[in-house]
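Trainee: Produce the entire structure from the sequences given, and follow the hints as far as they go.
If you read the sequences in order, they're chains A and B.
Using this note's numbering, the letters of the first sequence correspond one by one to residues 1 to 230.
Using this note's numbering, the letters of the second sequence correspond one by one to residues 1 to 101.
Hints were generated in silico from the structure; no laboratory data involved.
Computed from a predicted model, the values in this text were never measured in an experiment.
Hints may be right or wrong, so weigh each one.
[What the hints assert, rightly or not] Across the chosen pairs, the derived CB separations fall in these ranges:
id	chain 1	residue 1	chain 2	residue 2	range
1	B	His76	A	Ser164	31 to 37 Å
2	B	Asn50	A	Ser37	36 to 42 Å
3	B	Lys91	A	Val85	34 to 40 Å
4	B	Ser62	A	Ile77	37 to 43 Å
[Stated by the list, open to error] Dumping the calculated DSSO-like pairs for lysine-lysine here, alpha-carbon to alpha-carbon at most 27 Å:
id	chain 1	residue 1	chain 2	residue 2
5	A	Lys221	A	Lys94
6	B	Lys83	A	Lys97
7	B	Lys84	A	Lys215
8	A	Lys7	B	Lys84
9	B	Lys83	A	Lys7
10	B	Lys97	A	Lys9
11	B	Lys84	A	Lys154
12	B	Lys97	A	Lys7
13	B	Lys57	A	Lys97
14	A	Lys151	B	Lys83
15	B	Lys83	A	Lys154
16	A	Lys152	B	Lys83
17	B	Lys68	A	Lys11
18	A	Lys82	B	Lys33
19	A	Lys221	B	Lys33
20	B	Lys68	B	Lys84
21	B	Lys48	A	Lys94
22	B	Lys97	A	Lys82
23	B	Lys33	A	Lys94
24	B	Lys67	A	Lys154
25	B	Lys84	A	Lys97
26	A	Lys104	A	Lys154
27	B	Lys57	A	Lys9
28	B	Lys33	A	Lys104
29	A	Lys11	B	Lys83
30	B	Lys83	A	Lys104
31	A	Lys221	B	Lys67
32	A	Lys154	A	Lys97
33	A	Lys219	B	Lys33
34	B	Lys33	A	Lys151
35	B	Lys73	A	Lys94
[Stated by the list, open to error] A short list of chain B residues far from chain A (calculated; beta carbon distances all over 12 Å):
id	residue
36	Asn14
37	Val16
38	Asn56
39	Glu60
40	Ala61
Ideal Cβ placement from N, Cα and C applies to all residues, glycine included.
Here are the chains, one letter per residue:
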Amino acid sequence: MADDIEKEKTKDELENLGQLVDRYAQSRSLGLLIPLSIMAINALLLIGSIELALWKPEARWTGVIFWSVALWVPVSIWVCYKLVVRYGDRFYAKDGKVELRQEKTSALAFIVFVLAFLGATVLGAVGVIPIRWALTLALTSAGLFVLYSGKKEKQAPLYIVWSSLLLIEAVVTAAGLPTPFAGKGYLYSLFAVLLTYIVGAGLITLLVVHIYNRKILRKIKQTRPFSEQQ
Amino acid sequence: MSNNKIHQVHNNINRVVHEPVRLAILKILTSAKEVDFNFLLTTLGLTKGNLATHINKLEEASFIEVKKEFRGKIPHTSYRITKKGRRQFQKYWENMKDLAP
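Mentor: Next comes the structure, spelled out in structure tokens:
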């Protein structure tokens with residue numbers, strides 16, 4: 001009888017440890033700093049180069065800068081991917097490395113997202129649909145894509161928080177809440193707002209999920225079943 | 001359960017798996033695809049020497065595979081559970097279930 005109780009206790013402790021490890025590994029959020037930084041830098045570069053091109057349309061160098069930035073933006077997606085793979089885990093070097101079994105986000109889903117996102121922003125920029133609806137559609141497509149990616153890539157807490165914030169922003173925008181930079185041309189009222197919302201939601205997510213991650217780690221340290229270092 | 005059956009189940013229990021720390025290591029490795037030495041230290045709270053001993057036993061039994069590499073000049077060791085290790089871990093709990101009254 002005592003053996004059975006001990007056996008059940010050990011099994012429960014191990015199950016608990018397995019779940020905590022899974023939740024801990026899924027909530028490592030600091031790697032998100034890399035794509036968020038690249039997104040913010042790209043937004044500044046794009047806005048800056050467009051402003052330059054509009055300011056001195058006749059100067060050849062403004063054109064060179066603009067096209068260099070335009071070429072850099074798609075390349076930066078690849079650079080970002082490589083940086084995340086190489087350095088994403090370095091933020092948690094002290095805790096050690098843990099890699100979960102994950103599926104890759106399908107290329108088709110990524111293409112659908114890019115088309116929906118770019119479609120909405122282009123339609124908004126050329127005035128086919130109001131900027132408010134362009135923002136709503138772009139934020140909704142980003143929110144849904146992030147949610148889908150999180151499920152596939154085993155980053156549920158991170159992507160659920162981020163996608164929820166993006167979808168809330170989409171609903172709030174659709175409801176007609178005034179957006180920053182409104183009435184300053186599509187470059188600011190659409191593009192800058194979109195990037196601010198996405199990066200802002202990402203930063204909040206990073207912080208919230210990181211706090212959750214530390215809480216889980218503390219729990220692991222408190223409950224580690226066969227510890228010698230307590 | 002007859003004494004014979006209990007005896008048989010006891011004999012079937014894998015002695016390498018039947019140790020709390022090794023069970024915990026295998027549980028972590030079944031939850032993850034790959035972990036490193038540091039992560040096992042963080043989650044299990046063992047001393048380096050003790051953890052290394054348990055890992056060696058699991059490696060000798062081919063329940064885990066060890067990947068050694070260099071990150072710059074620093075050696076880095078990662079572990080994965082093998083198919084054999086996964087099978088033995090499952091079998092262990094099935095045997096334990098059979099021992100239940």
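Trainee: Keeping to a limit of 27 Å between CA atoms, is the pair of Lys97 of chain B and Lys9 of chain A held or broken?
Mentor: holds (13 Å)
Trainee: Please verify whether Lys221 of chain A and Lys94 of chain A have alpha carbons no more than 27 Å apart.
Mentor: holds (14 Å)
Trainee: Keeping to a limit of 27 Å between CA atoms, is the pair of Lys84 of chain B and Lys154 of chain A held or broken?
Mentor: Given that 27 Å is the threshold and the Cα spacing comes to 25 Å, the pair holds.
Trainee: Starting from Lys7 of chain A, check that the Cα of Lys84 of chain B is at most 27 Å away, please.
Mentor: holds (23 Å)
Trainee: Are Lys152 of chain A and Lys83 of chain B close enough, with their CA atoms no more than 27 Å apart?
Mentor: holds (23 Å)
Trainee: What's the verdict on Lys33 of chain B and Lys94 of chain A, does the C-alpha distance respect the 27 Å limit or exceed it?
Mentor: Status holds; Cα separation ~19 Å.
Trainee: Would you check the hint for Lys83 of chain B and Lys97 of chain A, treating anything up to 27 Å between C-alpha atoms as holding?
Mentor: holds (21 Å)
Trainee: Mind checking the alpha carbons of Lys83 of chain B and Lys7 of chain A for me, to see if they're no more than 27 Å apart?
Mentor: Given pair Lys83 of chain B, Lys7 of chain A holds - Cα atoms ~24 Å apart, limit 27 Å.
Trainee: Between Lys33 of chain B and Lys104 of chain A, is the straight-line Cα distance small enough, at 27 Å or below?
Mentor: holds (14 Å)
Trainee: Quickly compare the C-alpha distance for Lys221 of chain A and Lys33 of chain B to 27 Å and report which way the hint goes.
Mentor: holds (21 Å)
Trainee: The output says Asn56 of chain B does not contact chain A. Does that hold with a beta carbon cutoff of 12 Å?
Mentor: holds (17 Å)
Trainee: Regarding the pair Lys97 of chain B and Lys82 of chain A, is the alpha-carbon distance no greater than 27 Å?
Mentor: Measuring from Cα to Cα gives roughly 46 Å; hence the hint is violated.
Violated hints for the displayed structure, listed by number in ascending order: 7, 17 and 22.
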